[in-house]
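Between the sequences and the hints, there should be enough to build the whole structure, so can you do that?
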Amino acid sequence: MMESNSLPNQNKKMMTIVVSIALTLMAPLLMEQFTEGEGWGPFDFAVVGALLLAAVVIFQVATKVVRDSKHRIAIGAVLGLALLLVWIELAVGLIATPAAGS
2 MMESNSLPNQ NKKMMTIVVS IALTLMAPLL MEQFTEGEGW GPFDFAVVGA
52 LLLAAVVIFQ VATKVVRDSK HRIAIGAVLG LALLLVWIEL AVGLIATPAA
102 GS
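The opening position of the sequence shown corresponds to residue 2 in the working numbering, with each subsequent residue numbered one higher.
Hint data in this document are derived by calculation from the structure and do not stem from the laboratory.
Straight-line Cα separation of at most 30 Å, DSSO-like style, residue types lysine-lysine; simulated pairs:
hint, residue 1, residue 2
1, K71, K13
2, K13, K65
3, K14, K65
4, K71, K14
Beta-carbon label-pair distances, calculated as ranges:
hint, residue 1, residue 2, range
5, I18, L86, 18 to 28 Å
6, M32, R68, 38 to 48 Å
7, T36, D69, 37 to 47 Å
8, G40, V62, 29 to 39 Å
Don't be surprised by glycine CBs; every beta carbon is placed ideally from N, CA and C.
Now the structure itself:
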C-alpha cells in the first residue's frame, strides 16, 4: 500500500529537480548577456535542459532499484560521463557524428 503523502513528495522532488536545472541553465544565459562568445539559441537551452533532466530522472529511477551504494556511485559516474560525452559532441563535434553537424 502506498503512503498517502508519497505523491506530494514525488512532486516536490521533481519540482526541485526542474528548478535546479533551470538555475543551472541561468549561468550560460547570464554569460550570453555579458560576453560575445558562442551564442546559445533557444534550441540549445532546450537540448541541454532535456539532457540534464533525462540524466537526473534515469539516476533517480536507477537508485530506487539499486540499493548498494557502490553500484549507485557507478551508475552516477556512467550517467555523468555519458552526459558529458553527448554535451561535448553536440558542442564541438569531438567524434564527428551527424548529430554535431559533421
